[in-house]
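Novice: Starting from the known structure of chain A, arrange chain B on it as the hints suggest.
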Amino acid sequence: MTRLAVRDPAKVRQEEVQRRGRGLGWMSAGLGVAQLAAPDTVRRISGVDDSAVSRVMVPLVGARELVHAAGLLTSRRKGVWAWTRVVGDAMDLASLGMALAHRGGRRRRRLVGVTGAVLGITVLDLLTAVHATRAKEAGSGPAIRGARRGGPMELTATTTVRRPPSEVYAFWRDLGKLPTFMAHLEEVRPTGDRTSHWSASAPFGKNVEWDAEIIGDVAGEKIAWRSTGNADVPNAGTVRFVPAPDGVSTEVHVLLTYDIPGGAVGKAVAKYFGEEPHQQLDDDLRRLKQVLETGEVVRSDGAPWGKRARKEFPQRPAQPLSDSDLAKRAGA
Amino acid sequence: MKANTWAGRNKVKVRDVPDPKVLNNRDAIVKITSTAICGSDLHLVDGYVPTMQDGDVMGHEFMGEVIEVGSGVPADKLRVGDRVVVPFPIACGNCGACAAEMYSCCENSNPNAGIAEKMFGHPVAGIFGYSHLTGGFAGGQAQYARVPFADVGPLKIESDLTDEQVLFLSDILPTGFMGADLCDIQKTDVVAVWGAGPVGQFAMDSARVLGAAKVIAIDKEPYRLQMAERAGHTTINFDEVDVRSRLLELTGGRGPDKCIDAVGMEASHGAAHIHAYDRIKQAVRSETERPHALRQAIMSCRSGGIVSVIGVYGGFLDKFPAGAWMNRALTLRTGQCHVQRYMKPLLRRIERGEIDPTRVITHTLPLDEAERGFDIFKNKQDHCEKVVLKP
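Protein sequence lines, in the order shown, are assigned to chains A and B. Oh and the first sequence: position 51 is 51 in the numbering used here, straight run, nothing missing. Oh and the second sequence: position 365 is 365 in the numbering used here, straight run, nothing missing.
Be aware that a few hints might be false.
Said to hold, decoys possible - From the derived model, a few chain A residues whose C-beta atoms are all more than 12 angstroms from chain B:
1. L93
2. G151
3. T195
4. D211
5. A231
What the hints assert, rightly or not - In silico lysine to aspartate or glutamate, EDC-like type, Cα no more than 16 angstroms apart, as pairs:
6. B:K21 / A:D325
7. B:K390 / B:E65
8. B:K118 / A:D325
Unchecked claim - Estimated spans, in silico, between C-beta atoms of each pair:
9. A:D323 / B:F120: 33 to 39 angstroms
10. A:R189 / B:K390: 50 to 56 angstroms
11. A:R173 / B:G304: 51 to 57 angstroms
12. B:I274 / A:E16: 46 to 52 angstroms
I should point out that these hints are in silico values taken from the structure, not numbers from a laboratory. We treat Cβ as the ideally placed atom computed from N, Cα and C, and that holds for glycine.
One chain only, chain A, in its complex shape (with noise of 0.2 angstroms):
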């Protein structure tokens, strides 16, 4: 039902992460086969050849790599596989240590370069393996954290209401009602024929207000505005009233642009529209609808509160309310 495009910092994390991972994947395949193909010069390098135990073990590790290997170039998840890199690297570094502790002259200053080299892979894997963690927290909130950093963000949704196009649009173009269904506005008072002046809730960060301006109006059909003069966050939408296939029916499909500062105002809008920013604006389009459907916006005992039922749970039980509640919400 609804779209919502920003472009994401976390995304661009979470790109590189990927690509660190495919990287220590290669290397991972070429020391797998090259232990598994070549063991017996893998072991003179490494200064081991001289032991009967490294026989068995670097093909071991060899498989072991490609195993690291596969799950790098193969899963989303680098993070977890990096991590079983470092387990790995933590594992070569003590086999490592124990052969260093028995030998002396060329095979041991053979094993000090290989235990330099694997001590400098380890600190890059672990790298990758931290940077890939903090990247997936970061990522898997949602995608408007981006937008804490300031920058545009774009919100469609759309709804069918059973009433003519020119009643519909005649509904929005009276834009003194537009708070009657939009959870974040206050007040919407017209000050001339295509200028009006605008204020949204508390939750929309401290009394925001800002002037705006029709720039496009086709009755019926279509109206645009757009803030104008020094809003604080300068916005935009569009709304457009299609005839629905029924014969009887609109289809409403609205655009809204914020141009989220960053600072504490942009963190409160942030804040505002959460996890789900699509949710609130879904919710706006289902009250418009219910207002010209029904009369008025639809309360429960669990959601008495119309509009201002902005969290949906957890809710209030469903029990009548008493008259401490609806005194509260005479003032709300």
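Specialist: Positioned in the frame of chain A, the structure of chain B alone reads:
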């Protein structure tokens, strides 16, 4: 007022709660004279429907007297003093679904549509006392209830029929009737009904009044099967015989032409291993349904037949026999009952004596004893079929 409330899984409690008030212009307040416990209330109490909250007033089958109407209810529709039966789905009467008489899919009556949409793909109507997924409306196992869209839903009872004769127009009679209605019953049809609970009994009666040649009841509770038998239906006890073989015998090997699942998500089953499979998956919530009845109905139905589902399902099920359904050209029809569509015609059938809804009532208790009512109904004690509560 007193109301029966959900108090956690397997627990209901009669508590004092505030009296309902008008919240929307088209509301009415009804003083309840009779209310009932429904099989689908057990799904809530058993914890298989998400979004129940401690303190939710239960109950979606109720009737009573209008004591207050909002300013948006026209006097020619409803007045203070009217005696009404209230349909369980809350429907606005204005949206596309209502215009198509699909009241249980009303697009406006569920303030929690956003949540329902996540669960079901598209939202469903509000329902009294039936979780927050269907709106968070207080139910009717109480002394009073607020009825939204009172100009659309409540059916006025102007004759001297007793509460017991008309109460079930709120849910189980139309639900059973819709189960049969969805079957496009022909006079040559053999109709098999899984579940001989109250809805199943009414589905059987409805299949007969719609002209079915033979109606078969499938259950395992002897007393419920006896009740069906007394009403003139053929019975199969799935604890004693193999359902499929018996159905083949009864239909000359064709299988029933029309099959009605009046069981839903908490079916029990003759085969222990299959029951265990579903029971375990349901307990760990990796499957929400135990759909034996539905599976068996699909496997048993004759090729080209109709399987009608009125038992309640809430989520996801496994091992759906898609092969049988597709290759044998079966039609699957279902829906929460569009009660408003059926109330008036069914009231006439009751008045004409074609259907006797009182035949399923086995227990009448004061509202105060709702907890006991749930207990005996759930555990099928004391040959319990249907409990009516009197506030």
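Novice: Quick check on a hinted range of 46 to 52 angstroms for I274 (chain B) and E16 (chain A), using CB atoms only.
Specialist: holds (50 angstroms)
Novice: In this structure, is the beta-carbon distance linking R189 (chain A) and K390 (chain B) contained in 50 to 56 angstroms?
Specialist: holds (55 angstroms)
Novice: Cβ-Cβ distance between R173 (chain A) and G304 (chain B): within 51 to 57 angstroms?
Specialist: Roughly 54 angstroms apart at Cβ, these two residues keep to the hinted range, so it holds.
Novice: If we take the beta carbon of T195 (chain A), is the closest beta carbon in chain B still more than 12 angstroms away?
Specialist: holds (33 angstroms)
Novice: Run the distance test for K390 (chain B) versus E65 (chain B): straight-line Cα separation, threshold 16 angstroms.
Specialist: holds (14 angstroms)
Novice: Can the restraint linking K21 (chain B) and D325 (chain A) be considered satisfied, given a maximum Cα separation of 16 angstroms?
Specialist: holds (11 angstroms)
Novice: Find the nearest Cβ of chain B to the Cβ of G151 (chain A) and say whether that gap is larger than 12 angstroms.
Specialist: With a cut-off of 12 angstroms, G151 (chain A) remains clear of chain B, as the shortest Cβ separation is near 26 angstroms.
Novice: Minimum C-beta separation from A231 (chain A) to chain B exceeding 12 angstroms: can you confirm that?
Specialist: Check passes; 28 angstroms lies beyond 12 angstroms.
Novice: Against the range 33 to 39 angstroms, how does the distance between the Cβ atoms of D323 (chain A) and F120 (chain B) compare: consistent or not?
Specialist: holds (36 angstroms)
Novice: Quickly compare the C-alpha distance for K118 (chain B) and D325 (chain A) to 16 angstroms and report which way the hint goes.
Specialist: It is violated: about 29 angstroms lies between the C-alpha atoms, which goes past 16 angstroms.
Novice: Please confirm whether L93 (chain A) is truly not at the interface, meaning its C-beta sits more than 12 angstroms away from all C-beta atoms of chain B.
Specialist: holds (41 angstroms)
Novice: Run the C-beta distances from D211 (chain A) to all of chain B and say if the shortest one exceeds 12 angstroms.
Specialist: Fine: 31 angstroms to the nearest Cβ keeps D211 (chain A) off the interface.
Hint check: a violation occurs at hint 8 only; the rest are consistent with the structure.
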